[in-house]
Structure formats: C-alpha cells, structure tokens
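Chains as they are written, first to last, in the numbering used here: chain A, 1 to 619; chain B, 1 to 176.
Since the hints were derived computationally from the structure, they do not count as laboratory data. Built from N, CA and C at the ideal position, the CB exists for glycine as well. One or more hints might be untrue.
[What the hints assert, rightly or not] If the Cβ cut is set under 8 Å, some of the chain B residues that face chain A in the computed set are: (1) Lys33; (2) Ser34; (3) Phe75; (4) Ser77; (5) Gln78; (6) Ser80; (7) Pro83; (8) Gly85; (9) Arg133; (10) Ala139.
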Amino acid sequence: MTEMIKTDLKREFKKAEEYFQKTGMRVLICSGTGCVANGAFDIYEKFLKLGADVQFKKENKKITSVKTGCHGFCEQGVFVSIPDLDLTYVKVKAENVEEIIEKTLKNGEIIEEFLYEDPKTKHKFKNTSEIDFYKSQIKLILNNCGKIDPESIEEYIYSRGYEALDYTLKNYKPEEVCEEMVKSGLRGRGGGGFPTGRKWQFVRANDSDKKYVICNADEGDPGAFMDCGIMEGDPHRLLEGMLIAAYAVGSDEGYIYVRAEYPLAVRRLKIAIKQAEEKGFLGENIFGSGFSFRIKIKEGAGAFVCGEETALIASIEGERGMPMPKPPFPAQSGLFGKPTLINNVETFANVPTVILTGADTYKKYGTETSAGTKTFALTGEVNNTGLIEVPLGSTLREIVFEIGGGLRNNKKFKAVQIGGPSGGCLTEEHLDMPLDYESLTKVGAMVGSGGLVAMNEDTCIVEVARFFLQFTQNESCGKCIPCREGTKQMLNILEKIVSGEAALQDLQLLEELAEVVRFGSLCGLGKTAPNPIASTLKYFREEYLAHIVGKRCPAGVCEALKVIKIDSKRCIGCSKCAKTCPVDAIEGEIRKPFLINQEKCIKCGACAPACPVDAISKR
Amino acid sequence: MVAEAKKNIEKVFEQQRKFRKVNEIVEKYKYEKSNLIAILQEVQEEYRYLPEEIMTYIATIMEISPASVYGVATFYSQFSLDPKGKYEIKVCDGTACHVRGSMPVYNAIKKKLGLTGSKFTTEDLQFSVETVRCVGACALAPVVLINEKVYSKVTAEAVTIIIDQLLERSGEGEKN
Chain A
1 MTEMIKTDLK
11 REFKKAEEYF
21 QKTGMRVLIC
31 SGTGCVANGA
41 FDIYEKFLKL
51 GADVQFKKEN
61 KKITSVKTGC
71 HGFCEQGVFV
81 SIPDLDLTYV
91 KVKAENVEEI
101 IEKTLKNGEI
111 IEEFLYEDPK
121 TKHKFKNTSE
131 IDFYKSQIKL
141 ILNNCGKIDP
151 ESIEEYIYSR
161 GYEALDYTLK
171 NYKPEEVCEE
181 MVKSGLRGRG
191 GGGFPTGRKW
201 QFVRANDSDK
211 KYVICNADEG
221 DPGAFMDCGI
231 MEGDPHRLLE
241 GMLIAAYAVG
251 SDEGYIYVRA
261 EYPLAVRRLK
271 IAIKQAEEKG
281 FLGENIFGSG
291 FSFRIKIKEG
301 AGAFVCGEET
311 ALIASIEGER
321 GMPMPKPPFP
331 AQSGLFGKPT
341 LINNVETFAN
351 VPTVILTGAD
361 TYKKYGTETS
371 AGTKTFALTG
381 EVNNTGLIEV
391 PLGSTLREIV
401 FEIGGGLRNN
411 KKFKAVQIGG
421 PSGGCLTEEH
431 LDMPLDYESL
441 TKVGAMVGSG
451 GLVAMNEDTC
461 IVEVARFFLQ
471 FTQNESCGKC
481 IPCREGTKQM
491 LNILEKIVSG
501 EAALQDLQLL
511 EELAEVVRFG
521 SLCGLGKTAP
531 NPIASTLKYF
541 REEYLAHIVG
551 KRCPAGVCEA
561 LKVIKIDSKR
571 CIGCSKCAKT
581 CPVDAIEGEI
591 RKPFLINQEK
601 CIKCGACAPA
611 CPVDAISKR
Chain B
1 MVAEAKKNIE
11 KVFEQQRKFR
21 KVNEIVEKYK
31 YEKSNLIAIL
41 QEVQEEYRYL
51 PEEIMTYIAT
61 IMEISPASVY
71 GVATFYSQFS
81 LDPKGKYEIK
91 VCDGTACHVR
101 GSMPVYNAIK
111 KKLGLTGSKF
121 TTEDLQFSVE
131 TVRCVGACAL
141 APVVLINEKV
151 YSKVTAEAVT
161 IIIDQLLERS
171 GEGEKN
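All chains should be built: construct the whole structure from the sequences, respecting the hints.
Below is the structure:
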C-alpha cells in the first residue's frame, strides 16, 4: 500500500502565514522573460547579497528579496516593488541596487528617479496600479503574477492557493464541478472558444479505465506570450486548475505539453510539480479524498501544428506531430486511445477563480456570451507593450489608446492584427467594437490565443499578410494537399505582389485558392491559414491594388517597390545626395531642388541619410 | 602495423565512448517510444546536432525503424542534422519582432559572419545563425538569443558589436 499523505490545507496555510511573517520587508524583483533579459537575475543576486544584513529604519525588520513572475509592463522592466511601502520602481539596473538599499530600504526614502513617469502629464507615480497601463485592467488570472514567488508553494498557498481544490474535493461531486463550469460560461482560451464545461462533460461521459488530462502549453502564435507569463509567474495555479479538471472528468494522469522555447517556464513548472508532490497536493489520495492525480511534463520540439489537439497527442506519443481527422474527438479517443481532456493554459488558470468566486459572480465579468477576462499580449507599435488582462468585451480603443498609451512617435493607427496567423486585422472602424468571441468572428478575426500586434501607417499590410502566410506555409505539416500545396501557391502569389510582378488576375486566383484551402484542409492550421489574407483583402484592398496596378508600396516597406523621392519644397540644393549616389541618378543645380532620375535609381537608399534636411522619402 | 592496430583499437574505444552517453540517455527514458523526442533532445544537447550514425544506433537499440527516428528528427524544427556553432545565434522572427525589424538584424548577422545562401554555420564551427519562432519576449522586440542569453531591442549595428565581442572572447580562449 502506498503511504498516505494526509494534507490539511488549513495547517499548510498556517505554516505559509508564519513563513510569510518571518520574511519581514519583501523586495519583489520581476523575473519574467522580459525582465530577465534586462538583467533581473543580477539585480536579485545583488539585493540578496547586499540586503542580507540590512534592517528597515532600524526597526528590526529584515529584508527578503523575492523573484516574482511577470508584471506585464515589460517595456518598463526591471520592476522592483516593495509592497510594505506601496512602492514600485521601474527601469531598475544592477548599478542602482546600492542606492535603493541605502536610501529606500534603510531610511524609507523614495527615489524619484526610479518612479514611473506618465509620458504625457509628466506626473510621477509611487504605485503603478494607478497608471494608465494598469488602470483599466482587471486581473483575475494574472493577479499573483508579479506579487508572489513562483518558485515557492508557500507563497501560493498564502494567496488562497489550492483552496479551490480543497473546496471542490470536499463539497462537489465530479459532475457538479462540470455543471459549475458550464454555468460559469467559461470558454476555451486557446482559440476555438468551445465551452469548457461542455468539453469536461463529454470526457466525463466516456467510460474508460484510464483517462488523461492534457494542458496545451504549446503557445506557438508568433507575438503571443500570455501562457508563458502564467507558467512563469504562477505555475501552481495551472496545476490547481488541472487537478480540479482531472477530478471532474475522472482522470488520474496528466501531461503539460510545453514548447521548448520556454526554458524558464519549464523549469518553474518542474519546481512547482515537485513541491506539490511533496505537500501531497499531487499524488495518491489527495486531501484524503480518494482522488489521485499525477502530472508529467512533455517538452515540444518546435512545431506550430502541435498546438492542434490531435497533433499534440501524436507528439506526446513520440511521433511526428501530424493531425488526425476528427471524429473521433480526443474526448472519445485521445492519448494512447483513451478519452482525453485538452485545455489551454489560460483555461485551466481560470478554473480556481471560477470555483472560488462561484459561477454566478464569475459570469459578471465579460459579456453575455463571453464570460470572464482574457489576457492579451499587446505588442507592436504602441507605447506600452506587455502582458495585459481585460474583461472580454473591452474595446480595442481602450486597449490600444488607454492601456497601450497610443502609438509610438505619435504615428497614425492603421490596424491591429489579432489572433496570430489564424486571425485577422481590425481597423479604425472596429476601435469601438467589443472584443468578444462572436463580434470578432463576425468581422473575420478571432480572439485566438491573444496576440495583439498594433501597426502604424509605416507597416505594409500586404507584407504582413505575406509574413503570416510564410509562417503557416513553413509550419504546414504536409499531410493534406490543400494546406501543403495551397499555402505554397498563395505565398508565391503574395511574393509576386510585394515584388511588383503580380497582375490583377493573380488577386482573383489568390481569393479562389484561399477558399479552397479553407474548405479542404484537414486541421485548424490549414482551415485558418487564409484568414490573414481574407481579412486584409477585405479592409485594405486598395493597398493590394497599389502594389499590383500602381507598382508602389504605400507604406514604403517593400524593397522592390520603393520609390525614392526628393521633396522639392524641403530640398536646399546642397548636392550632398548627388555625391553619395552610387549610380549618378541624382541631378540638379546647386541651391535649386535636386531630382532623382527614377530610371537610373537602384533604390539603395544611400542618399537618404546624407540629406541634412530630411527631404528624401522612400515611398 | 602495431601502430595501425593501436589506432583501430582507439577508434573502437572512441566509438564506444561516443555511444555510451547515448546508451545512458536511452536507458534513462526506459527505451520507450513515447520518449523519443526527449531522447533526441538530450542527444542533441550532447552533440549539438543529430549525427546520422547515432540516429541509426538509437533506432537499433530501441527496436524501431531508423525511418521513424529520422521522421521525428526532420519533423521538428528544434532538431538539426548539421553541426551547429559554438555560439548559436537565434533571431526571433515572431510578429512583434518582425514588425520592429528582425530581418535587417538577421541579414546583418549573416553578412557579418560571411554566410551566404542557405549556409547557416561558419566554417570554423564558431557561429551558427537561424531564425526562430516567437520566444515570448515580444515587448522587447526585436530579440536575439545567443546560447540562451537574451539580447533585447537589438539593431543591426548592435548585433555586429556583440559578435565582435564574442569573437574577441573566443580568440582569448584559444590563446589560453
């Protein structure tokens, strides 16, 4: 008989509380991927070394340095916050540590230089929760990220961690958990938006001696890092969500399929699993309830298609990650032929919240059909980039202009690409549309996993479509012909367009091909591959036409279509450009506007930096 | 004659040494087919790529066909059948990095290292360069990884300076 670990959560909470009180004044150093790239580990080590014997205001309060998960506002990293003083410093560098220890930690003095400054009002903020970036966010899923040490189970327990599991095991029958999920209106956060509770009920309904729960952490969309943030910042939340799911569907074995490009997430998950096993939260007879569950980690090896359920299963089995036709659905016959529940990281991370707040309260966030919050990775040409969480149904305007702080360098907003290579573009006319599953599908985009890439007037939309298609073409597994050949031909046409060699009938062919690929492909990758083209064609047709008919790129991005011009009003006739031109294509008289001979010009652009008055444009 | 025999024995020993590590790895994963990806990952970490004879060897001891090992090795982009450099440069080409100019950075690296066409590893096996899918640091775009160290907001100029520094360092290493 296996040894039974009778874990009592109340006792564990008490222990965690004691542990917490002993830490004294906590200095939190953000250690998400972004801040680590900016030297967070060096800062942590330095605080650890230099802060060891420091006492706050001689109050006999010792200092504890803690590595936390991502704050979200990666642009401003490295974040160092001191909750006891209600204080957050941004853009901290290793060389600032001494000063912070001397002034702030020893004497409670606030160093203005490291406070966040609003770029518009120049107002400095002591606490970041009041700044534009955080003001309209509601953090149900990311609330621990940036506040607790992801490598400490005590800190998670102290933030009401594993309480939802405890409550579930004591108060709910498995089928009641499924019902609660249905009632909450939670939908899959991986892209499809399938109601989570219903999925659980399907798996539950399938009788089998063995069932699996898989967490899809193969976050492959270029420009998305939400799941990465959750796994790095609050890994126990994911484990807890999986545990509750396993109890609900009747499974005793789980896998987390995480992409190998996230080494930090893998490391923290491994630590979390080990800690949970030691405490008896994972293993046999959890909380003495008779329910047992174990979790293993499987690292992916770089294949976007493995985000597709059946391909992911094949990959866990050690095969090439190629999708299978559905049905049978994984809920009927999944991993090793057994009924399998697959949910995305963020979906599982929602589960403890649903249980703790109750389905009825949870439903109040978001809209009628899209309940809860959604995390987005806001990137591209906005001022504030980072990881955000907003209620579903928030508008694009709120996200781009309030949270994102508008576009960088005051450029004009052009579009937002949402949902990665399977998604579409949203333009100015969609700025006030609520972002929820239905509204987005209606306009040819999708919530997707949550990548939001903002683009300005300098972004060539055709080039972006080409970029996404090149991505899907590259990642097409090659199993079915419409996807393998269709994406290739579509890419060829797009390459012709951006190099100015396309004719009008190519556009028609492109649209026909898009229809065939969408209709005929086996899995989601192929079915959604034409989306970026369809949606950009819908909203930016004239830009395609400019490339095809006018042979010019309005954004001045496409190398082959660049037209280099001298603004005759600005030109002071200094002749510097003519001297740098390698092919003598610039002619003119001194002190009169110069001209570029377009027939001779090789579009190398060497003249532009030579101009002292910025009179040369490349579009 | 004796010298040649000695050389041959040396060769056999070397082969054995080479495979010992592979044996250890495969053993650790209990010869299970479902662990093939993890096995290949560890083997690649050891050799920096997947040599053909080792893939065949793995197939033999795991009692699966060499084709299925080769099939998995060629399917996933993480696996390389060619040797990689001592410094593995990965240029992120996720959407955010792409929009903020990862391609000029990639081209600058290739030019700096004198790599043309489909060549991605330098002759002296010091550097290899490739584009990778999103590494999840989009807010710091464009991002370049050199042996897991993340360089943020990289420009074409900055990356040539970084490479110069690495060249200098490995030059020093050789002297020592």
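Agreement of hint Lys33/B with chain A interface, Cβ distance less than 8 Å: holds (5 Å)
Satisfaction of the Pro83/B interface hint, Cβ to chain A closer than 8 Å: violated (18 Å)
Status of the Ser77/B interface restraint (C-beta, 8 Å, chain A): holds (4 Å)
Hint status (Cβ of Ser34/B to nearest Cβ of chain A, threshold 8 Å): Hint on Ser34/B: holds, closest Cβ of chain A at ~4 Å, below 8 Å.
Hinted contact Ala139/B with chain A - closest CB pair below 8 Å: holds (3 Å)
Per-residue hint verdict: Gln78/B, partner chain A, C-beta under 8 Å: holds (4 Å)
When the least beta-carbon distance from Phe75/B to chain A is tested against 8 Å, hint result: It holds, given that the least Cβ distance between Phe75/B and chain A is near 4 Å, below 8 Å.
Cut-off 8 Å, beta-carbon criterion: hint that Gly85/B touches chain A: For Gly85/B, the interface hint is violated, since the closest Cβ of chain A sits about 18 Å away, which is over 8 Å.
Chain A contact restraint for Arg133/B - C-beta distance below 8 Å: holds (6 Å)
Restraint outcome when Ser80/B is required to lie within 8 Å of chain A by C-beta distance: The hint is violated - Ser80/B has no Cβ within 8 Å of chain A, the shortest such distance being about 11 Å.
Hints 6, 7, 8 from the list above are not met by this structure, while the remaining hints are.
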